[in-house]
Amino acid sequence: MEGLAFLGKSLWGLAGPWQVFYALGSTLVGIVIGILPGLSATLGIALMTTLTVKMTPTDAILVLVCVYVGAIYGGSRTGILLNIPGTAANAAATIDGHALAKQGRAGRAMGIATTGSVAGSFFGVMCLATLTPLLAEAALKFQAFEFFWLALLGVLMSGSLTGNDPLKGWLMGFLGLFTAQIGLDGIHASERFTFGYNDLAGGIALIPALVGAFGFAEILIVLAEPAKKAAINAVDSILPRVADVLKYWKTILRSGAIGVFIGILPGVGEDMGAWASYAAAKRFSREREQFGQGSVEGMMAAETGDNAAIPGAIIPALALAVPGSAPAAVLMAAMIIHGVQPGPMLMVNQPQFAYDVVAITLVATLCILFFGLAMVRPLMWVLRVPRAIIMPIVFVLCTLGAYAIASRVFDIWVMLAVGVVCFVLRRQGFPVAPFVLGVVLGDIVDKSLRRGLVISDGDLTPFFTRPIAGVLATVVILTVLLQFQAVRRLFGRFLPGPA
Amino acid sequence: MARRDDLGFGLGWLAFGAAVLAASWRMDRLESLHINPWSAPGLMPGLLGALMMLFGAALGVRALAQGAFRERGALPGVSARRTGLALVLCFAFAAGLLGHGWPFWLTAFAFLFIAILVFRILDRDAESPASPGRLTLSTAAIAFSAAVVISLVFERIFLVRLP
Numbered sequence: 004m005e006g007l008a009f010l011g012k013s014l015w016g017l018a019g020p021w022q023v024f025y026a027l028g029s030t031l032v033g034i035v036i037g038i039l040p041g042l043s044a045t046l047g048i049a050l051m052t053t054l055t056v057k058m059t060p061t062d063a064i065l066v067l068v069c070v071y072v073g074a075i076y077g078g079s080r081t082g083i084l085l086n087i088p089g090t091a092a093n094a095a096a097t098i099d100g101h102a103l104a105k106q107g108r109a110g111r112a113m114g115i116a117t118t119g120s121v122a123g124s125f126f127g128v129m130c131l132a133t134l135t136p137l138l139a140e141a142a143l144k145f146q147a148f149e150f151f152w153l154a155l156l157g158v159l160m161s162g163s164l165t166g167n168d169p170l171k172g173w174l175m176g177f178l179g180l181f182t183a184q185i186g187l188d189g190i191h192a193s194e195r196f197t198f199g200y201n202d203l204a205g206g207i208a209l210i211p212a213l214v215g216a217f218g219f220a221e222i223l224i225v226l227a228e229p230a231k232k233a234a235i236n237a238v239d240s241i242l243p244r245v246a247d248v249l250k251y252w253k254t255i256l257r258s259g260a261i262g263v264f265i266g267i268l269p270g271v272g273e274d275m276g277a278w279a280s281y282a283a284a285k286r287f288s289r290e291r292e293q294f295g296q297g298s299v300e301g302m303m304a305a306e307t308g309d310n311a312a313i314p315g316a317i318i319p320a321l322a323l324a325v326p327g328s329a330p331a332a333v334l335m336a337a338m339i340i341h342g343v344q345p346g347p348m349l350m351v352n353q354p355q356f357a358y359d360v361v362a363i364t365l366v367a368t369l370c371i372l373f374f375g376l377a378m379v380r381p382l383m384w385v386l387r388v389p390r391a392i393i394m395p396i397v398f399v400l401c402t403l404g405a406y407a408i409a410s411r412v413f414d415i416w417v418m419l420a421v422g423v424v425c426f427v428l429r430r431q432g433f434p435v436a437p438f439v440l441g442v443v444l445g446d447i448v449d450k451s452l453r454r455g456l457v458i459s460d461g462d463l464t465p466f467f468t469r470p471i472a473g474v475l476a477t478v479v480i481l482t483v484l485l486q487f488q489a490v491r492r493l494f495g496r497f498l499p500g501p502a
Numbered sequence: 125m126a127r128r129d130d131l132g133f134g135l136g137w138l139a140f141g142a143a144v145l146a147a148s149w150r151m152d153r154l155e156s157l158h159i160n161p162w163s164a165p166g167l168m169p170g171l172l173g174a175l176m177m178l179f180g181a182a183l184g185v186r187a188l189a190q191g192a193f194r195e196r197g198a199l200p201g202v203s204a205r206r207t208g209l210a211l212v213l214c215f216a217f218a219a220g221l222l223g224h225g226w227p228f229w230l231t232a233f234a235f236l237f238i239a240i241l242v243f244r245i246l247d248r249d250a251e252s253p254a255s256p257g258r259l260t261l262s263t264a265a266i267a268f269s270a271a272v273v274i275s276l277v278f279e280r281i282f283l284v285r286l287p
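As given, the protein sequences belong to chains A and B, one line each in that order.
For the first sequence, my numbering assigns the number 4 to the initial residue and increments by one for each residue that follows.
For the second sequence, my numbering assigns the number 125 to the initial residue and increments by one for each residue that follows.
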């Protein structure tokens, strides 16, 4: 009952005219960011963090969550119409969405995207409201040993699952963790890797690094390739259908549950939520042969899964200070910038804020439903703007976004340097998401390891023998070992295979 | 080419990891402050350096095992000319023009006009054809509008001090 009272107060607080304006405006910005290929939810949140610095924490998080939800939703448009996923989370929906568009049913596909996104978000919001307090309460028992493994698990899982090559993903994760070590250390305020430069003593700021990794690097990648002519055609009805919800309710519930679960896993993200939901829907479907050929069920599953993963990814960010995805990592960093300290103590010190986030995610869901009903055709105009015009404008925004938080020209240099490094590495198949998780979690990993060792006086056994730490350590070690074929073969001998 | 690149990058990670490890080893251990030695600032970076060395070496060894040296060199997939142009323009704006006392809207306009015009000309096959004069005029209008709107929004609405 106490939770409902908090939630009611949060919803009332979001009913003001400015809050409605912020919610609608930022969801629209998010949808446009999602529609534009190359611009990701992570970049959108990072840029908007700069603009929301002077807002109250709740208003700022309202803007950022609306951009997050809007971007993941908007990305399906580009997948349906151009066969290019607007964000990585929309890749699974693109398979059947574009197949439907080729059959002249692009409007129908967009309607399904709206239905799936709204259903997934609603399901996720319910889980966010119920699971966050439970997880935070359980995490009150965590000490440095558990936080060390949990944060490391986030970086390694992100490395394993976000790219095609876990080895490259882990290396990027370590690079991110290393980047977070630059500057004054968090325990003794001793300088690390500053080489006598005062600017480096302040550390590599998160927002300029993220804008470089997701903004400048992406701009270079997009501009490096010649443009292709866009083929846009959506003449049929774009309205979401209640009949779809009734027909595929089992798929929606299953995909919602999978999306939330994948979202909660540290560092995994919305794209895996979509793929896992799509694979499960295909496995249990009666119309399996239609998957890949324009299956309504397949598209519904993918869109429900990726949108359910958004609240799922926010759950560990709030309750454990370990984000479930790269965009959630930036959201968590924005909370810290606004003076909110996520983690197990959040439900003790600022329970109202946790319910504010639940209410905000609910409002963002209503906003995508509004835009899904009212603004589909005008928003498709965005796809007609040539990228030769969009990308230089985005670069100016990236430069300002990097500079504005601290008004330091040094941060522009950080953005440029990180952008070039990430551009080169991405061309070689090194994924960027683990780098982001590493930068965000580097401080927790470092402090938790050293605090744990100080508590145990250098004894490593508590890292493995405490019950929760032991489980997390096993998962971390298996996450790495199971990527090696020899280890998988060894496990295969002990596990029963198919007859 | 991918395996050969992996070999090169594996060696790069190995060298970078070694540099991080060496710098961490030489980092001040704050013994004069009598801190607990397990809280020394270089501990975590040193571990990360060692891990980057290990996984970098694994990347290189895997590339060798997959025949990195047997692979023939191929042209890179990226258009080097387009990448070079984008890099030069972006660096000229962000590192060359900004922070030298010029009004932000003017530097943004100059960058946007040149960058948009250059890439519209390079992408003209994908756009509807336009005469050179019309292309230049429309680009100038877009660049001017974008520069002024961005400057006003950041400075007046979000109260950001522009570089």
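By construction, these hints were calculated from the structure, which means they are not laboratory data.
Among these hints, one or two may not hold up.
A partial selection of chain A residues facing chain B, derived with a Cβ cut-off under 7 Å [what the hints assert, rightly or not]: (1) G166; (2) Q184; (3) L372; (4) F373; (5) V412; (6) T464; (7) F467.
Even for Gly, the Cβ is constructed at its ideal location relative to N, Cα and C.
Now the hints, each set against the structure:
1. G166: The hint is violated - G166(A) has no Cβ within 7 Å of chain B, the shortest such distance being about 13 Å.
2. Q184: holds (5 Å)
3. L372: violated (28 Å)
4. F373: Violated, about 24 Å.
5. V412: The hint holds - V412(A) has a Cβ within 7 Å of chain B, the shortest such distance being about 5 Å.
6. T464: Result: violated, 14 Å to nearest chain B Cβ.
7. F467: It is violated, given that the least Cβ distance between F467(A) and chain B is near 16 Å, above 7 Å.
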